[in-house]
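Residues per chain are reported as follows:
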Amino acid sequence: MYIGAFNLIQFIDDLSMNFVSGYFLLFVFWLILFYYAAEIQHRWKVLLAGSFLFVLLGGGWMVTLVPVLATGVAYIAAIAIENTEKKEKRKRKYWVSSAVLTLLAALAISKVNILDPWRTIDFIFPIGISYYTFSLVAYVADVYWKRDKAELSYWRLLLFTLWFPKILQGPIARHKNLGKQLVCGHVFSYDNLGAGLQLMLWGYFKKIVVADRLIVLVQSSFGNYHEHGGALVLCMIVLAAFQLYFDFSGCVDIARGISRVFGIDLEQNFNHPFFAQNAAEFWRRWHMTLSSWFLDYVYMPILISPTLMKVCRFFSNKYGKRISMAVRTIIPVSIVWVFTSMWHGTTANFMVWGCYWGGLIIIGTIFNEEFGQLARLLRINREASSWKALQMVRVFMIFAVGHFISTNRMVEDSWEMARKIFIDIRPWELLDGTLYNLGLDRVNFEIAIGGIVFIMAVEVVQTKLDIRRAVREWNVVVRSFVYAMAVLLVLIFGVWGPEYNAAAFAYMNF
Amino acid sequence: MEKSSKVKFIFVSVLFCLSCGMISLLFIENNPHYYDPCKFWGKGTKDHPYVIATGKDLARLRDAVNKGYQFKDKYFEQIFDIDLEGDGVWQPIGNNQGRFFGGHYDGRGHVIKNLHIEADDKAALFVGLSGSIKNLGLESGRVQGEHAASFVVSGSSNAVIKNCYSKVEILGKKSAADLVADYTGRVDQCLYLGESSDVLKNINGQYIREFNQNLRDSLGKRQEKYNGKKRMELDDVCYLTLRDGQVEFARWGGFDHNVPRGIKLELARNLAGKYSAVVILCLVFIFMFLRRRHVVQAEATCVEEAVVKDSRAFNYSCFLLTLIFLVIGLVAANKVLKTNTIASSPIRCFYEQDAGKIDAVICGSSMVGINIDVVTLWSEYGISSYALWGSAQTYWNTYYYIEEVLKYGRPQVIVLDARMLFHNVEYQALYHQYTNTIEMNINGNWLENIQLTAPQTDWVELAVGFPIYHARYSNIKKNNFLMSDIDASAGVDKGWRPAYGHGNIANLYIGSGNTNVEVSHKQEYYLRKIFELCSSREIPIVLVAAATANRNEYLSYLQYAESIADEYGVNFVDLNRKDGETRFTKYDLDVDNTHENMNGARKMALWLGKYLRDKYQLADHRGDPAYESWNLYEHKMLELLYPAITETEDYLQQLARNDQRVIFIQNGVRADDEKYKAFLERVDSMGISIGDIRPELENGCWLLEAGSEPARRLDLQQERRIMLPGGHIIEFASPTDLSFHYDGGRWRKPPAGLSCIVIDNSTGELFDVVTLFNPENENFEARPIAPLETVTHF
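Protein chains in written order, with our numbering: chain H, 40 to 549; chain X, 11 to 804.
For reference, chain H alone in the conformation it holds in the complex (with noise of 0.2 angstroms):
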């Protein structure tokens, strides 16, 4: 029905930049549809129109102009990088530094515009600029450094820029990876369509039944916390947690899937982050193409950069190698911090946001042999699953607090549901049917908790089992009707249609 009932007026209301919008399925059926009946060579070039397209309707003429306008910077300067002799260092620093500050400026005026209380400047907010910034900062600066090389066709690099899956939630695509896999064409496989359409309804899954279904509750919950005890306050930093991953994860499964159809592979961005054991694991499991790219681009660079060698000198002959050390890990971490909690927000809440996990991750790196040593000491065997487990446990809770702390955009907020937590614990609501009244039914929270499970089911299987490739050597009748099921679920356990408001993606701003 949604096939036949075109409407280009409506079309372009609903498609509106969101995932879970019959329209956007429809464009995507009909950009596969155009892509492989285009000759080979010039399927990329549909990939272009439609990406093009997308962002335009999405958005409007200005919000295409800045991706537009940065991609002719970054190509530019690529070229002019690779003309520059090696020997003309500074012609080739000048090139790379005017064209990543260009960019970091661009990017900076719109942090400003988005999160400035006054609304002093005021223009549209370009879609998925913090995503498509850093991937052409990477770019350019690898070809700075010659891991790459410079592009030299402008509307291939735009495709680049604009490929719309990644262009709204990410990942931050390399274009090592990624540059050459759009443009090179790719010949239909039955492979490819399955794993793809595969990716998708697991990413609709997590999207749609579960997140979204939790951030009814979530956003009532923390919106009056002052009702409600430290139990429940508590129990919903679990779920908030729960729901920013399955948000944000289900949406990168989704355009993962969708370039999978293409015959494109994506960046993993998770890789079972709940499973971690402390945190600087964490944050390698979390949202890996930024944690990658502040690893690649900020933090090696001043690791290795000759200022940090010289305080580090003068540290070790004036306290010490431990001390020299211990700088060599604060000044670098902190600085990523400082840039991570900045791309994800410019309010004081994600300052200490940042705080928190710069100092964990310090903490945690300086004085880990003194948790061995503490560990040996308490005859703790940390090899046992057990402590594996209850470290995940304890990650986990560092992650669903700093998220509750990012979530409050006050931080006084934060303050008081902590306290909550801890004097005001009233445990009964939790049991009383308080839970049922927060926006969720009982029916409902039940499908939430149970994909809450269900998706930790299957993470944990994951580790061990390629579960979409099993599924995909399955008997042919027992894959068909278990797929089909799987969209049925999905469409009726969904949170879609008029009787819901689907939540806007939580990362969409960043």
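FYI, nobody ran anything at the bench for these hints, they're computed from the structure.
Check the hints yourself; a few may be wrong.
[What the hints assert, rightly or not] Quick list of the computed label-pair ranges, beta carbon to beta carbon:
no.	chain 1	residue 1	chain 2	residue 2	range
1	H	W513	X	A439	40 to 46 angstroms
2	H	S424	X	L333	42 to 48 angstroms
3	H	I369	X	F295	17 to 23 angstroms
4	H	N407	X	A439	55 to 61 angstroms
Quick reminder that beta carbons are idealized off the backbone N, C-alpha and C, glycines included.
Fit chain X to the known structure of chain H by using the hints.
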């Protein structure tokens, strides 16, 4: 040029042109200044005029005219009142650059409100006119410019303005005229009613002042008659003319009671417009696909890690099988979610009826669908009636329902809800549509109903239905797969959906006076259409307002409804004024102000049944085997919906045995009520402590006291809602006010583990028995209750 490259060139250029066309189409569609005559409903001919329904349509007309499109000899009709508030400053239709309106604009007796025009030079609704304007009122606003007038500045000699009035304020820097300025055409039967001093300085000022005085006198008289009804000035004193020095009144504009031809959607064209994009896309796709076969498959420029394990046929069979499973699953889910999760909607059950046997069809919103007891109409008077209603059903929904009714049968009388006239909406919320459009048979009526009831953006959702009701899974119960409460397929269900509420009667709002509720013109329009439809088929209508609590609020509006009914010779019944005859009391209301519980519905039906029988000579069909389904319905409803008083004794004994003392008593009964004295004595004699039942003499109610032992057991300080093990909910007004709403009443738990009985104090009957404190003991078998003998006892 080689052949292949020639083909390639042609292909590429065609594709390019097409995509350019598509892209430009996208922006043209999106461009507010773009004009496409097809955007109006209708054809622009005299018989099928373009329809102006909203301010947006009017703006589209204006923009088109200002772009140079004259609409020469095209016809426009305004079908609703247009309020331009929020549109800011309005530009005139037509401008100085020789662009003007050349068509015929018929306001059909409607008005434009809040018309705020500010122009540098000439300011009026139309600047330049060579066509006609008829039957249009400018209700409020202000026209400001160098040369200002209400309707037209600078019209040609063939222009006509007829039957119009204006109340806008005119502020002209150089000249200000009442209706027209610099105008050589005709002005017939038009009037300026405004207060603008600029205009009154004009030469016509003397006449205008006289007109206004006369009009105001006349309005004043009617004002008394209609008791402050707001709309009256427009519809009743609609135009007046000066002829031989005499002011003549006539109905302004007159209401053209024919079916508005414009609103009948030009389906084919609409669809063509809608699907043209699909057709273009398909053509391009097919073209590309075919073309591709002629090109030698270019070598892939990058290596595919093609892991094609299974054969192509195998893969596609998987795809196909998935689709088949999905379709089967969707059909099944659709069935369960749509028809089984809530009691089937009255229209769905209607299709199962033998429509020829229905004598009285009850149409409208819950004001009649809940408030009139179909069982009583049958059991007391033998009237075979059917409640064909929907949630907040608007008159356009009702109109199409009645059309459906007339397709299958010819009822003796139609009982129509009067209250919806004041439900002032342009469109209806989607969640109401389950009962108002979705369950209709798919046909022309269904399509038109959908188009009227929702904006275009929602049509697909509404037509498919699934997006709206897929969320109903939380209503699925075991019974949905086994049986419905009443078997709809056998045509037994007669559409009535009784309410079980027990309102917080002490707080019921009785209403205290007139409020500023506007009569909805879309509703009025379709109410009149219903009247016309039925009078053309010679089916009598009774316009009924069921008794409600907030009656005073609607008094003047019901009088207005009565005046419309009078116009068509339709009988109007306001049951609010008949409390003496119906013996309706506030205890007959459900939890809210407007819905009655089963007792109230029965009282309404007792009165109305008599009225219908006497007035329309409806036959008594009781005992007629052809009408067996009404017998079955009565039997089933009594069996399922009314609890048995006969078992109270047993339950009370069980209560005593269990040493439970919690008794809920619904408030609303005086302490000296004989029935309750008897009941309390009975309770006392059984050894149940009556200390838990405290009389609240001030309210004349019995209330469970907050903080008392039973209240504490139920943890009422924390909770307002109690979920009973059977799934029913008792919801309290507040922790301190224990009057409650109970959503159950169909099934009763057996006495094991009994701890709470629910009593309806207004009838003195046991309503339900539930277990509160023994949730682990859940293996109760739900069983139906014997018919209530005392159901006729009030």
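Going through the hints against the structure:
About 44 angstroms separates the C-beta atoms of W513(H) and A439(X), a value consistent with the hinted range of 40 to 46 angstroms. Look at S424(H) against L333(X): about 44 angstroms separates their beta carbons, and that is inside 42 to 48 angstroms. Remark: the range hint 17 to 23 angstroms for I369(H) to F295(X) is contradicted by a beta-carbon distance near 59 angstroms. Range check, N407(H) to A439(X): Cβ separation about 59 angstroms, and the 55 to 61 angstroms hint holds.
Hint compliance for this structure: hint 3 is the single one not met.
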